[in-house]
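Visitor: Residue numbers (the working numbering), protein chains in the order written: chain A, 1 to 356; chain B, 1001 to 1232.
One should not assume that every hint holds.
In silico lysine-lysine, DSS-like type, Cα no more than 30 Å apart, as pairs [unchecked claim]: (1) B:K1115 <-> A:K130; (2) A:K123 <-> B:K1019; (3) A:K51 <-> B:K1164; (4) A:K130 <-> B:K1015; (5) A:K244 <-> B:K1134; (6) B:K1164 <-> B:K1200; (7) A:K232 <-> B:K1146; (8) A:K130 <-> B:K1200; (9) B:K1164 <-> A:K134; (10) B:K1146 <-> A:K354; (11) B:K1200 <-> A:K94; (12) B:K1097 <-> A:K232.
By construction, these hints were calculated from the structure, which means they are not laboratory data. Note that the coordinates shown come from a computational prediction; the quantities given were computed from them, not determined experimentally.
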Amino acid sequence: MIYQGKKKIWSDYQKEIPDDHWYYVRSCIRQNFFPASEKMFLEICRDVLGKDIYENEHHTTCGGIAYHCDTIPQETAMTIVARQFALMTEAGYKNYVASCITSFGNYSEILETWREFPELETKIREMLWKACRKEFNKPEYLAHSSDLIYKFRNEIAEKARFHLINKDTGEPLRVVEHIGCHYSKMFPSKGVGGAEYPYVLTGMVESWGGNVIDYPERRHCCGYGFRQYHVKANRGYSIANTHKKFESMEPYKPDMIITNCPGCPYFLDRWQYVIAEMEGKTYGQNGYGIPVFTYEEVAGLVLGYDPWDLGLQLHQVAVEPLLDKIGIEYDPASKYLGTNRKDIMRPELPANLKCH
Amino acid sequence: MGKLYEMLQDDYRVKEGLKTCINCGTCTAICPAAEFYRYDPRKIVDTVQRGDEQEIENLLKSDTIWYCGECLSCLTRCPRRNGPGLVIMALRNLSAKLGYFVESEKGRQLYPLTKMMTDNILNYGYCIYPDTFKWEDHVESGPVWKWHTEHYADSYERQGANYKGNGPGALRKIPQESLDELKSIFDVTGATERMETVEKFSQKKAQEMGMSMDEYFRHTFEHCTEGHFNNE
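Chain A with its partners taken away, still in its complex shape (with noise of 0.2 Å):
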């Protein structure tokens, strides 16, 4: 009795996902930090899986970060939106996935903020007419791109070549899961296991025979803030939350970290460097620091791609000790090399974070 009530509370958290065709909308940090992660996202979808996901190359920014560093007018972010509504209705599609955390937020909240003020959403439909003359549907259902490779964790697991297990003890890695804070947090019936017990990572996670690690600090923000960021003399704000998550999960000896958000890899990623080249300190074995992973990365790891292929030469941290530990097969002699093996020579390496 007491198992079905907690079932029945666990069902609150969960989400249907669709199944199949979907509209594809890019990340703006993504494409400029990670863009081998989108590649890899639409690779595995199309050509592993055999999902239809349209892409089309009109659409733009949500301006999402732009709002949240408060230099555009909400309608103005509605009406970006709305015309990214538009692209999907024109091209056929009803389902919505966003490579974005912050643009998945911003979707939820326009769409909820339309849902309860449908005066608003006939003002926007009013600007947007005005502005392109464009008309739109809103989508029936809208995803985070780590929801659908959440969905299809297991059919992944079945064509894994690698498990995130160490190859010599043959136990689970530790891995800590880092949520983007605008996935579930504004609106937790949004995400898969709500904003109390976000499971998209850890489902993937657990599937691909990883443990993961439970830290106080683990629903902290990673540290971004938007204008905590883009303006230099703020970054103290985000270097200082970074340090504090670090702090926090040094005793539990993580092997690597996977994340869902475009900024939080980037961050967690490169104050690992700062930190190290200011205070000497390394969270990782050996004067190595941590590896951060978007969840495609991971994903292209298990199913056997080249580490160099998922683009993880633009680490600053070193992801090699982890490749080492898991049994992934790298040529060190090709990691920073261009398309056709061309020699575009190779990165300093910093005083204090060892690298490769």
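Given the structure of chain A, go ahead and fit chain B onto it with the hints provided.
Guide: Relative to chain A, chain B alone:
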């Protein structure tokens, strides 16, 4: 209630984010900004809720409203389903609209932020774009990113991006007709007017401070005085 209070009440984020605050302080306890800055979202919500016109004006001219990181952790934890972060967004919007933002150091940062974000959106269709993400302003991005910025075309090609290319893909060249539509949206929805307002008040402030606009940009982007932090 005064005019400022009424203007705030017209903002949908206040309609959504401020029902009845019971001043419990849960938002402050969970807030990443409150731990770092001299910042207390509970007090801000209380000030707005009380509706004192002079206190709201002081708030709109203060550093305080610019400390929030808009992570919206407060929204999850508020026992009354208020959103202090949403109220902050409405306060910032009003401060920008009325030109009060130039009265505080953190508020003046709206000038470089507006330039960076709106230029990227209108020129490229992205909020962040490689050509304007200068390594010199982001040394924390590390030697790997320095190397990447020195080899953008080759490195992005290796990553499978479509940097400045036609058709779909990461960092594609967004077609001109789509950029024209963004510009039209800016004109119709008030973003162009907002940019002009920020420019106008910032120019006036730069003049008062004896700076050219380039100097003002660098100053507001880089300079941080003492007194903002809890540990000072």
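Visitor: Given the hint that B:K1097 pairs with A:K232, does the C-alpha gap stay at or below 30 Å?
Guide: Roughly 24 Å between the alpha carbons, so the hint for B:K1097 and A:K232 holds.
Visitor: For the pair supplied as a hint, B:K1164 and B:K1200, confirm whether the alpha-carbon distance does not exceed 30 Å.
Guide: violated (33 Å)
Visitor: Keeping to a limit of 30 Å between CA atoms, is the pair of A:K51 and B:K1164 held or broken?
Guide: Measuring from Cα to Cα gives roughly 27 Å; hence the hint holds.
Visitor: Can you confirm whether the C-alpha distance between B:K1164 and A:K134 stays at or below 30 Å?
Guide: Holds, at roughly 26 Å.
Visitor: CA of A:K232 to CA of B:K1146, is that 30 Å or under?
Guide: Holds. A:K232 to B:K1146 sits at ~17 Å (cutoff 30 Å).
Visitor: Holds or violated: are the alpha carbons of B:K1146 and A:K354 at most 30 Å from each other?
Guide: holds (17 Å)
Visitor: Against the 30 Å threshold, does the CA-CA distance of B:K1115 and A:K130 hold or violate the hint?
Guide: holds (25 Å)
Visitor: Below or equal to 30 Å on CA atoms is what counts here, so check A:K130 against B:K1015.
Guide: Answer holds: A:K130 to B:K1015 is near 26 Å, not above 30 Å.
Visitor: Against the 30 Å threshold, does the CA-CA distance of A:K244 and B:K1134 hold or violate the hint?
Guide: Given pair A:K244, B:K1134 holds - Cα atoms ~27 Å apart, limit 30 Å.
Visitor: Take the C-alpha atoms of B:K1200 and A:K94, compute the straight-line distance between them, and say whether it is at most 30 Å.
Guide: Violated, at about 43 Å.
Visitor: Are the Cα atoms of A:K123 and B:K1019 separated by 30 Å or less?
Guide: This hinted pair holds, its Cα atoms lying about 24 Å apart.
Visitor: Does A:K130 pair with B:K1200 here, judged by a C-alpha cut-off of 30 Å?
Guide: holds (27 Å)
Against the hints set out earlier in the document, violations occur for numbers 6 and 11.
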